[in-house]
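> The residues making up each chain are set out below.
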Amino acid sequence: MTVEKPASLLPLSGLKVADFSWVGVGPITAKNLADHGALVVHVESIARPDLLRIAGPFKDNIPGINRSGFFADYNSSKLGLSLDLKTQAGHDVARRLIRWSDVTLESFTPKTMRKWGLDYLSICQEQPQLVMLSTNMQGQTGPHAAQPGYGNVLACLAGYHQLTGWPDRDPAGPYGAYTDFIAPRFATAAVLAALEYRRRTGLGQYIDLSQYETAIHFIAAALLDYDTNGRVANRAGNLDVSAAPHGAYPADGEDRWVAIAIESDDEWRNLIRALGNPEWAAERRFATFLGRRRHARELGKRISEWTCARSPREAMRVLQAEGVPAGAIQTCEELHDDPQLAFRHHFWRLEHPEIGIHAYDGPAFRLSRTPGVLSRAAPQIGQHNQEVLSNILGYSDDEIADLVIAGALN
Amino acid sequence: MTETLIGGLSVLEVGSDRNVVAGKILSDLGAGVIRVARRGGDSARRRAPFYARTSLAPGESLFWHAYGTGRRSLTLNPETSAGRAILRRLLRDVDVFVRCDSAESAHATGLDAEALFRLNPRLISVSITPFGSSGPLSSFAGPDLVIQAMGGLMQISGDEDRAPTRITVPQAYLHAGAEAVCGILMALAERNRSGLGQVVDVSAQECAVWTLMNAQQFWDLNRINLPRGGAVRPQRTAHGFVRLRSIYPCRDGHVCLYVRLGPMSSESMYGLVNWMEEVELAPAWLLAIRWEELNMLEITQRELDPLEAAFSAFFQRLTKAELGEGAVARRILLMPVNTVEDIYRDRQLQSRDYWQSIDSPTIGKPLRYPGPFARFSAAPVSAYSAAPEEGDANRSIPQGRIGLSTSELKMLRASNAL
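In order, the protein sequences belong to chains A and B.
Numbering (the numbering used here) for the first sequence: 1 to 410.
Numbering (the numbering used here) for the second sequence: 1 to 418.
The following block holds chain B by itself, in its conformation from the complex (with noise of 0.2 angstroms):
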């Protein structure tokens, strides 16, 4: 067997929404990531978006089926004492173990984190929550969209005129589910030293707040909290403040251009001003700019509305695809604004062999996946194997893992405790 890169480091993680992400990492390093759930009650497995034949039912989740492959689900009963002491074995042994639950409800079910290190020192305890497992927020709910709100990056997203807006696909536990594997592998990292394990401690709103760019440093430096934009974004200047389009219409969607005047995007703006004149289409002011010279801070309304006109005159008349294309070939900063569909065609992706399909035998026919996050030389990311059902794996850990017979195992399942 090929050595993978964290080479079977054992996972078992409390089903939910909120650490799902995390899970579908680790295995694709190589981690081998058990799932416990009470049955019906993984709150990754009921959200949005679904497929739609079968709209509600449970295991017909498409966040589930992106975000859950790579890993065996148990299902457990913790109210039972059998079922507790199935999560008590099997943590006794495991690396790692990922929570999402508060700290008042971690003590409550005696699994605290001094409790769990008094079963397994080497175990690395895994809190993912909305604010930090403590503070005085800490028990404060803490969904996506207040999370958005909360880290700051949505008071400054969005049209000026209206209310500010969060991103539409739910982001802010993939943050924190990505952020928490670097904390996993860090403390396994110190591990591999000491012997011991510790508690990784994940806040979303800390996650979020790292989205912000030089915001924050906006107002710490020069007291500025700055405006909300969107496709036209308000730009400072030396004498105050000017309105700059970075997303324009084209003939079947949108484009993004990027535009910082000087010297960082003058050979973007001569290669977009040639192409221009090849259709004709560049003025001859446009043709006399001396990009580089131009300053972002002394740049006026007045020099920038004519620009304005003269790109969105050119990007009307041509597709995404085509603009997309043509700017890579002049080496121009503009990107087409893709919606899932065009990503899905992208030319790029697929001629890096990016699209990993997995027959879903739940769904019944084979899902295109985004492929591994990155390419490894040596170990790849792992194959990626179907979200699945619910309790798939009731018989096999039970029994292999634990080393349960056949009888305790009905036993098991007659006390409800599976």
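One chain only, chain A, in its complex shape (with noise of 0.2 angstroms):
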């Protein structure tokens, strides 16, 4: 049996990647990873699976530990490895798989992983060259380091949930753990930046990335408003300080919708031109942003009559024709049939021995000359244990035997 190596031209062939992570940050900054050519050995217990491999959705919805839609998005292109960290065994497992990694990535809650000896400053005496990372919540140090948490909550935290709704109801927060979809841009960068400063300086360094702090970027601008300016920034619906109208229309249909952003006179000339220059439209109060900011609610009743007669793509194609930013309000089944991402080849459809051929998120960007791959499905429960454990890390078949029995790879 032999390693599938991934094609030699993409951009990190060659690296090797030790994902002991778990959930959303970690599995998807191996898998921005693992689609550009590293080799990715993704690391589980079987006694402890990603949460993700129990939570759904599953094919069929039938739950099961190989058919997690949610996991198996992830964790593309790796190769899946099961072991039990609690036995001495797995330990030795872990430390080889370290030592063969140019980076290893962990989401362990803070001391997990000095507890079994693998943390940084255990390793970085024998193996300088490594590119640790470590990601949890809140980082490593510090009175709430150990809280766990998942990013549905941790968006609460960062301000997410405060900026989102409705400003006159509970804040709505957005769908799902938002913060888990920062932070892997973040850590992402920062594994590559460190690889970077390795290959001129020959050594490896430790990654502490709370995804807290990284979140908390995103809402910069509105955190300086409130050191300067002492304001609190709120949730507004869809309304925007500086742009209007500037909302969600009903279109024809079921709970369907098209958004418009009219940023300025121009635009709101351009909307005018393609609503058919109704008769409303020239209403003095409408003429100016303050207007037309000052009656949004008089303005969305009258857009509205035009909206909800059409579809929320044509509407978007007549106003974008026309000059005027507006948008289609998806939903997952028209993104699976969206002209864009499929002339962008977003979704990649592969082949998983039990969910069957289903979509899987490809990289947001494209690299001309060396575009990322996936090059497998994601890895079935410890698929790999055996090319793993012989070609990677060179065991002989009596010592996989040995690790069976001492039940190191449950």
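Calculated from the structure, these hints are not laboratory results.
As the structure is a computational prediction, the values presented were derived from the model and not from experiment.
Watch out, some of these pointers could steer you wrong.
[As the list claims (entries may be wrong)] If you want the footprint, here are the derived chain B segments under chain A, 3+ residues with CB under 8 angstroms:
| # | stretch |
| --- | --- |
| 1 | 64-71 |
| 2 | 171-182 |
| 3 | 211-218 |
| 4 | 363-376 |
Note that beta-carbon positions come from the ideal geometry of N, C-alpha and C, so glycine has one too.
Combine the two chains into a complex, taking the hints into account.
Printed below as a string of structure tokens:
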């Protein structure tokens, strides 16, 4: 049996990554590396599998450890190794895997890796070239370092719920674990930057990435607004401080909507033209931004009379053709037949042994000469134990049998 | 001088609110970033919010202050041939060029990908656009709201009985800018091997799709478009939908409680119920619940409603801060719904010396910035320098980097190139 190597021309070909992380941030970071050519081994325990394996959605709506699309999406192009880190033999394998790796990622709560002797300080003496990234909710130090959590609650701590929804209602928040989709961009950049440093100096390093601290960067302007003006930003539905009209307008169909964002007087004139120069649009109260903002509700009713007779996409096409920034508020169903996403081949349809052919998110950027490649579907739990242990880590068949008996691969 | 992470990589960016965060992150990592724009032409300097004392004056945008750190500004008029010549001269020896215009406009200004590679084969040329540089929608306008709509997050965010909502603080081009940095560093890794640059084509829409968590999978695998929800969100069970509250009012705001019945959150739920018992707010039926045995797929609304009522009664007695600290001590999956004010007061961030105070000459007082996005043991994120005034490098770059004489510089000024 041989280890399938990713295509040789990818940007990170030859890079070796040990991925001990789970759930969102770490696995997405490692996926970014894997989809661009790195050889990534994703480590999980069968006794305590990645939580996304037991969260849905599942193939055919039937739960199963290898049936979760949620897990699969973030683990494309990786090899899967099952390891029980509560056993000594499991530690030995983990230590060997780290020694093999250029980059090790982990997202346990602080102290866990130390308890196992797998923390950076224990390793860097004999492996000074290792780049190790730890990522958790709130960082490795400080009074809240050990607090468990998920991106769903962390998004509240980082301000996103206060800033999403209607001002007269409880905060709504964005769907899901929003901060889980900020941190991987920073974590990927951090790992690549540390590798660039290593290329020039020969030295690895340790990276402590608090998902809270990265997430706050995306509300930095609102923070400075408080720091300088004392203004506490609040959720405002879809209103915008410098654009009007700016909102979601009902379209033809059940719970269907189109977004329109008018940022200038020119765009306002374009909108009037696109709507067929209706009489109301000439009213003086709508002539300036401040007037439009003040009468947003009335304006919304007028615009809705036009939008509700059209599908979201039809409204978008008519408006965009006239120079009006507008977008269909797309359902996930529509994303799967969005012509632009299809043109860019955003979704990769890969065949998974238990899920069958299903969609994976590809990278959000394209490199012109060496674009990313999703080289394989996500691993089933422990799918590549033999390949990893034998071909990558050099265990003999007898030694592998011993590991099985010791329960190290559970 | 200590070695920085990416060691003086040189970056040239054309001023736009859509790439400003990319330049900031690259600068944090140690790049030297030059921002070129026509005088008054950098949209990042016109983005809300504004410093109240001066309202709309360019340079006082707090968006610009937040993300314009760590670079030098060159005002350049590309309508003049001398302005174009300076730009081309700079492009010849920078590592990275970050722009946000459409492919058509790039072609019209003679800065399309092919021309750039003839000029500098090692150049990493980055385009950040709403939908990508080509394709059927590539000419569509895509401000933040349109991208949050077209990326799918809006449809499932907000209250069920009202319109979908976006995140009020614009997000689309922050994601796209940070994603661009990933692409740039991938291209750099590749260039180290091949010696060649390439184009990094970032689509803000695709970045937005990447914020959907498992929602697109629900369509792909189960043909379900998830319903929208807010503080109370419809959850699928084996028998249909139940409404599960995760955001609760408390004494001075709101808190978020993560409830996923079963083993995933049982430690947290026991911690909460025990805390409630300490203050005699845990009814006997609540104490009797075996949380690890419950199953989200089997739960009914009749079982959820009393839970919501019991938790609400408890939370309303305490403040966000009390609940937040109590949750840390008891390992409960609960966090306060912070305002920006709360975030500045956060004990954890303070204990990690997170905030970076830097003087802003234009605002006239120090601003407290979010600190390093990661802690690197060998080569820390660079100290921030305040967002530059327009044209602060109009002398130093043409003279130092391009080697123009003082009289040549004067001629450029006279011809309106700078």
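> Can you list which hints this structure breaks, lowest number first?
none
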